[in-house]
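**Student:** All chains, please: the whole structure from these sequences, using the hints.
Residue numbers 0 to 616, in numbering that gives the first Met the number 0, belong to the letters of the sequence shown in order.
To be clear, the hints were calculated from the coordinates, so they are not data collected in a lab. Remember, predicted model here, so these are calculated numbers, not experimental data.
Computed Cβ-Cβ distance ranges for the label pairs, DEER-style:
hint, residue 1, residue 2, range
1, D222, G127, 22 to 28 Å
2, D406, D87, 55 to 61 Å
3, A69, A405, 42 to 48 Å
4, R252, R380, 38 to 44 Å
All C-beta atoms in this analysis are idealised placements derived from N, C-alpha and C, irrespective of residue type, glycine included.
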Amino acid sequence: MLSAADVQVARRLARLGGVADPAVLLALALAVRAPRLGHVLVDLATIRATVAVDTEEPVDLGALPWPEPAAWAASVAACPLVATGEQDAGGVHPLRLVGSALYLDRYWREEREVAAELRARAAASAAGVRAEVLADGLRRLYPDAGDVAGRRAAATAVLRRLTVIAGGPGTGKTSTVGRVVALLAEQAAATGGRPPLVALAAPTGKAAARLAEAVHEQAAALDVEDAVRDRLLATSASTLHRLLGARPGSRSRFRHDRTSRLPHDVVIVDETSMVSLTLMARLLEAVRPDARLILVGDPDQLSSIEAGAVLGDVVGPGAAAPALPAAARVELEQVSGDAPGDAVSPAPAGAQEPLAGGIVVLDRLYRYRGAIAEVADAVRRGDADAVLAALADGGDDVTWIAGDAADLRATAAIAPVRDAAVAAGRAVIAAARRGEAAEALTALGAFRLLCAHRRGPYGVSTWMPAVEGWLAPEIDAAGGRMRDYAGRPLLITANDYDLNLFNGDTGVVVAAGEGRMLAAFERRGGVTTVRPNQLGAVDTVYAMTVHKSQGSQFGTAAVILPSPSSRILTRELLYTGVTRARERLVVVGGEDAIRAAVARPAARASGLRARLWGATG
0 MLSAADVQVA RRLARLGGVA DPAVLLALAL AVRAPRLGHV LVDLATIRAT
50 VAVDTEEPVD LGALPWPEPA AWAASVAACP LVATGEQDAG GVHPLRLVGS
100 ALYLDRYWRE EREVAAELRA RAAASAAGVR AEVLADGLRR LYPDAGDVAG
150 RRAAATAVLR RLTVIAGGPG TGKTSTVGRV VALLAEQAAA TGGRPPLVAL
200 AAPTGKAAAR LAEAVHEQAA ALDVEDAVRD RLLATSASTL HRLLGARPGS
250 RSRFRHDRTS RLPHDVVIVD ETSMVSLTLM ARLLEAVRPD ARLILVGDPD
300 QLSSIEAGAV LGDVVGPGAA APALPAAARV ELEQVSGDAP GDAVSPAPAG
350 AQEPLAGGIV VLDRLYRYRG AIAEVADAVR RGDADAVLAA LADGGDDVTW
400 IAGDAADLRA TAAIAPVRDA AVAAGRAVIA AARRGEAAEA LTALGAFRLL
450 CAHRRGPYGV STWMPAVEGW LAPEIDAAGG RMRDYAGRPL LITANDYDLN
500 LFNGDTGVVV AAGEGRMLAA FERRGGVTTV RPNQLGAVDT VYAMTVHKSQ
550 GSQFGTAAVI LPSPSSRILT RELLYTGVTR ARERLVVVGG EDAIRAAVAR
600 PAARASGLRA RLWGATG
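**Tutor:** Structure (structure tokens):
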């Protein structure tokens with residue numbers, strides 16, 4: 000249950016504080032352990048029932064001699080290392096106990112700071128908005144009368160200081176971003192002011208590049224003046240770390256903070272589900288109080304690998320049904336022309352109304368429909384029976400290979416995966432040998448094998464060689480004895496700003512004549528090439544983890560599920576894997592694995608949702 004680091008840090012703290020009580024020592028170790036697994040806190044009252052172990056083998060941790068919760072919390076509260084309650088107590092206290100929730104002090108302060116900043120921003124409206132200009136812009140940029148949620152999202156982003164645009168893949172989130180930037184530019188032009196300084200950012204370089212490309216694509220299609228179109232085309236994006244000004248040697252402090260704010264009037268963050276509590280705290284410190292902050296993402300996807308599930312906590316009950324206070328409903332009706340009842344429902348009882356007013360959930364699918372959408376929706380709702388029914392009756396869109404993936408890998412049952420992998424691989428290699436980079440990249444995006452694990456019988460380390468074995472004749476014919484053979488699919492594993500390539504980017508090696516090879520990558524609808532020996536951190540990518548695939552889409556996605564006992568098999572992992580498929584989905588896993596995933600939401604111990612939503616959350 001505990002790693003050596005958890006134990007040794009707890010022992011060191013105990014020596015510093017003169018602590019000898021083993022129950023307190025256990026609590027310290029669990030508090031140190033929590034952020035390592037993505038939790039912000041450890042709840043001493045429930046940890047016995049909720050704790051998990053770093054093994055796929057089932058272990059009954061409830062049978063251990065856990066301390067009685069009330070007495071345990073009292074012992075921890077008496078520890079000189081621990082401050083209690085929500086008030087600053089002075090002195091040096093590396094831990095904080097609030098009720099039965101035990102935090103490392105840093106995370107308690109960050110959680111409290113994020114909640115206070117978000118509430119303050121949510122309560123403020125943006126100044127100087129010309130309602131008639133906004134209404135005209137919404138009519139032009141949203142000519143489809145049925146796109147009520149999209150209109151509401153764009154209008155809310157113009158009217159408020161804090162907006163959260165949530166929704167699954169293919170619901171138009173990044174399309175909304177382009178329209179919001181255009182509407183804000185039109186507001187500035189109408190008032191004679193300078194165009195707003197807009198920052199587009201994302202947690203990863205790959206996501207930032209995709210966000211910028213989406214805005215540039217929107218620029219060509221939107222009904223706007225040339226000056227506004229030029230503003231959109233001039234907009235760039237960066238990682239959050241680059242935006243904030245990363246400091247060498249520090250992962251938690253940046254050049255821009257509360258004493259040196261960002262200059263931007265608008266900060267738009269995509270893929271916010273991957274933003275940790277610490278990074279969100281640093282962002283909120285750096286954004287000017289009078290600037291607009293727009294958070295975009297899917298709260299049902301996998302969260303940050305670091306502590307916190309910020310987007311899920313912020314959206315809270317707003318994910319179930321859109322909610323809006325009465326005054327904001329009237330305001331939106333005036334600019335959008337939609338009847339309030341068509342767009343939103345009343346705010347939930349007990350909800351923080353300002354926060355509810357800034358949350359918009361997009362649910363109109365543009366990218367995929369049919370059986371894939373049914374599977375994704377059933378997973379999101381946590382309905383295992385509906386998931387299994389949709390998988391079993393998927394038609395041409397969905398194929399379910401029922402059984403343990405480790406047992407099926409070398410059998411005929413895996414033929415749908417093998418056939419799709421071979422067809423896509425052959426197309427990539429053939430195009431690459433002809434030197435047709437664009438065609439090779441298109442073929443590369445036609446299929447991807449996704450694994451939950453990196454290692455083991457269900458992991459990339461096992462399935463990558465399997466795909467290479469299926470493709471062996473084609474790889475050998477393409478010069479497979481060389482590392483960079485024509486058709487080799489590439490995965491960038493570290494950001495390279497000199498080459499404008501980012502962690503998670505995929506490309507392919509293509510022939511360039513006279514025995515030369517180039518590595519080709521897609522950029523802004525075109526192709527960019529570099530010499531393979533210029534690439535630093537790069538892997539072959541016949542298979543990749545579901546985590547690595549976030550932000551990507553493939554024509555066919557084959558998802559390899561691990562055994563039901565795998566601790567990383569969660570509802571969010573299954574949902575993320577399923578929603579990578581654009582046209583066809585293949586799921587490999589038994590009914591027990593699917594039920595285990597759906598029944599296991601990746602709940603992270605956090606107090607942020609309660610601070611924002613109270614009992615409603």
